[in-house]
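Student: Sequence:
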Amino acid sequence: MKVCCIGAGYVGGPTCAVMALKCPDIVITLVDKSVERIAQWNSDKLPIYEPGLDEVVKKCRNVNLFFSTDIETAIKEADLIFISVNTPTKVSGNGKGRAADLKYVESAARMIAEIAQSNKIVVEKSTVPVRAAESIMHILRANQKPGIHYDILSNPEFLAEGTAINDLLNADRVLIGGEETTEGHEAVAKLSWIYEHWIPKQHILTTNTWSSELSKLAANAFLAQRISSINSLSAVCEATGADVSEVARAVGLDSRIGSKFLQASVGFGGSCFQKDILNLIYICENLNLPEWRPTGTGHRHERLPEAPLLPEIIESLFNTWSPEQIIDDLTHPSVTESPENVKKAVQIHSDPYSAVRATHALVICTEWDEFVDLDFQRIYQSMMKPAYIFDGRKILDHERLHQIGFHVQTIGKKYQRSGLLRSWGIVPQL
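Taking numbering that gives the first Met the number 0, the leading residue of the sequence shown gets 0, the next gets one more, and so forth.
Treat the hints with caution; some may be incorrect.
Calculated lysine to aspartate or glutamate pairs in the EDC-like style (CA-CA distance at most 20 angstroms, straight line) [claimed, not checked]:
| no. | residue 1 | residue 2 |
| --- | --- | --- |
| 1 | K95 | D253 |
| 2 | K1 | E185 |
| 3 | K102 | E133 |
| 4 | K412 | E237 |
| 5 | K144 | D166 |
| 6 | K144 | E133 |
| 7 | K57 | D100 |
| 8 | K1 | E35 |
| 9 | K144 | E195 |
| 10 | K32 | E76 |
| 11 | K1 | E195 |
| 12 | K259 | D100 |
| 13 | K259 | E160 |
| 14 | K144 | E237 |
| 15 | K393 | E237 |
| 16 | K44 | E195 |
| 17 | K32 | D100 |
| 18 | K21 | E35 |
| 19 | K200 | E237 |
| 20 | K102 | E113 |
| 21 | K200 | E76 |
| 22 | K75 | D100 |
| 23 | K259 | E284 |
| 24 | K1 | D100 |
| 25 | K342 | D24 |
| 26 | K412 | E195 |
| 27 | K75 | E35 |
| 28 | K412 | E398 |
| 29 | K21 | E71 |
| 30 | K384 | E366 |
| 31 | K1 | E76 |
| 32 | K1 | D69 |
| 33 | K89 | D69 |
| 34 | K200 | E185 |
| 35 | K274 | E284 |
DEER-style ranges, computed between Cβ atoms [unchecked claim]:
| no. | residue 1 | residue 2 | range |
| --- | --- | --- | --- |
| 36 | H137 | N287 | 58 to 66 angstroms |
| 37 | A344 | L252 | 43 to 51 angstroms |
| 38 | W197 | I47 | 29 to 37 angstroms |
| 39 | R172 | D24 | 21 to 29 angstroms |
| 40 | S42 | R172 | 28 to 36 angstroms |
The hints are simulated quantities; they were obtained by calculation from the structure and are not laboratory data. For each residue, glycine too, the CB sits at the ideal point set by N, CA and C.
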């Protein structure tokens, strides 16, 4: 069997790499229009970083895993084609700011219809709205050549950044949706056979395409809501003296709830949760289900610009900032449409000590050990005074930072004034 994946991004790259590793009898070609991106996949410096990805790619590259810009040849030779292209939120037209923009998915489908010379199984790997498979099918069948048959499957990814390779190797489940026809069932069985090379068959779930598409959106909505809920509770903890970490631990020990995604933090960002929630809200509104909207957007702490740490940063820095001055995230249209303007406004440092020199504040947004192990005495000496640390992930030793002289703020724990007094050399009287 030969497999082609259109789109050499965050989903397509790791997925094809692991598939090639576990399926040595299958030839997989990952294609993309970007010459630069394909060149990176063929080099020692991959375009994305994931623990373990580099080793997997090096083991399979040019053996049964190939990276190419020759999209036409890859489509012609493939038996099965993954569509793994970007589906951003629409920035204009009907559904602006909420609906998923399927122009890249549509473009891929039209390309397949134009190039294909034999039967194809086409698999949606991108996160798409419900019934997107139906739209792809309409495009393919409206443009199909005589004697060529297409089967459309939905196979959403459930990857988390930082653990993508492990998520693929040890998947909780693989979800495959197909048409409720004999041909559809046969296509599902062929894709399932690929995954059965390393995934236990009982972990491979099969359903119809619509249920599969909605399951991906629903999963992200549930996960985002857990983050929003614990972040909302963090405000209560700060006001009452409770510790949100202890609350989360107590709640997470309930087997009906579990402990995952209950870490209060700066909120969720990235390219998935917000986009998928907005998409789900848009779908519900179009189905005359407006009552779902408060469930999806009711938490004021659900995203970075509204995260519980942000007001503290603004207030501590003498109220010289406003939320309007802070860019949404790297998927915001102001970033994706004008990247050069952003580059001019952002300084990137490979050395953390040069990054903090002469700054007023240090904000920790990523839960990495390398940030825990920094020399904070050295950092304090190089910063402007008063020097602030905003620990958005609750990973630092706050007492030690107070002793050095930092003003420390975190999430979900009442600020201890005594610690600040000690940092000034004042011992509070009890």
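Student: So, for every hint listed, does it hold in this structure?
Tutor: Structure-based check of each hint:
no.: 1; hint: K95 with D253; in the structure: 40 angstroms, violated
no.: 2; hint: K1 with E185; in the structure: 17 angstroms, holds
no.: 3; hint: K102 with E133; in the structure: 15 angstroms, holds
no.: 4; hint: K412 with E237; in the structure: 5 angstroms, holds
no.: 5; hint: K144 with D166; in the structure: 38 angstroms, violated
no.: 6; hint: K144 with E133; in the structure: 19 angstroms, holds
no.: 7; hint: K57 with D100; in the structure: 34 angstroms, violated
no.: 8; hint: K1 with E35; in the structure: 24 angstroms, violated
no.: 9; hint: K144 with E195; in the structure: 32 angstroms, violated
no.: 10; hint: K32 with E76; in the structure: 18 angstroms, holds
no.: 11; hint: K1 with E195; in the structure: 16 angstroms, holds
no.: 12; hint: K259 with D100; in the structure: 31 angstroms, violated
no.: 13; hint: K259 with E160; in the structure: 15 angstroms, holds
no.: 14; hint: K144 with E237; in the structure: 64 angstroms, violated
no.: 15; hint: K393 with E237; in the structure: 14 angstroms, holds
no.: 16; hint: K44 with E195; in the structure: 31 angstroms, violated
no.: 17; hint: K32 with D100; in the structure: 19 angstroms, holds
no.: 18; hint: K21 with E35; in the structure: 27 angstroms, violated
no.: 19; hint: K200 with E237; in the structure: 47 angstroms, violated
no.: 20; hint: K102 with E113; in the structure: 16 angstroms, holds
no.: 21; hint: K200 with E76; in the structure: 28 angstroms, violated
no.: 22; hint: K75 with D100; in the structure: 27 angstroms, violated
no.: 23; hint: K259 with E284; in the structure: 30 angstroms, violated
no.: 24; hint: K1 with D100; in the structure: 29 angstroms, violated
no.: 25; hint: K342 with D24; in the structure: 44 angstroms, violated
no.: 26; hint: K412 with E195; in the structure: 47 angstroms, violated
no.: 27; hint: K75 with E35; in the structure: 23 angstroms, violated
no.: 28; hint: K412 with E398; in the structure: 13 angstroms, holds
no.: 29; hint: K21 with E71; in the structure: 26 angstroms, violated
no.: 30; hint: K384 with E366; in the structure: 25 angstroms, violated
no.: 31; hint: K1 with E76; in the structure: 7 angstroms, holds
no.: 32; hint: K1 with D69; in the structure: 15 angstroms, holds
no.: 33; hint: K89 with D69; in the structure: 29 angstroms, violated
no.: 34; hint: K200 with E185; in the structure: 16 angstroms, holds
no.: 35; hint: K274 with E284; in the structure: 15 angstroms, holds
no.: 36; hint: H137 with N287: 58 to 66 angstroms; in the structure: 24 angstroms, violated
no.: 37; hint: A344 with L252: 43 to 51 angstroms; in the structure: 44 angstroms, holds
no.: 38; hint: W197 with I47: 29 to 37 angstroms; in the structure: 22 angstroms, violated
no.: 39; hint: R172 with D24: 21 to 29 angstroms; in the structure: 24 angstroms, holds
no.: 40; hint: S42 with R172: 28 to 36 angstroms; in the structure: 34 angstroms, holds
In the structure shown, a violation is registered for the earlier hints numbered 1, 5, 7, 8, 9, 12, 14, 16, 18, 19, 21, 22, 23, 24, 25, 26, 27, 29, 30, 33, 36, 38, in ascending order.
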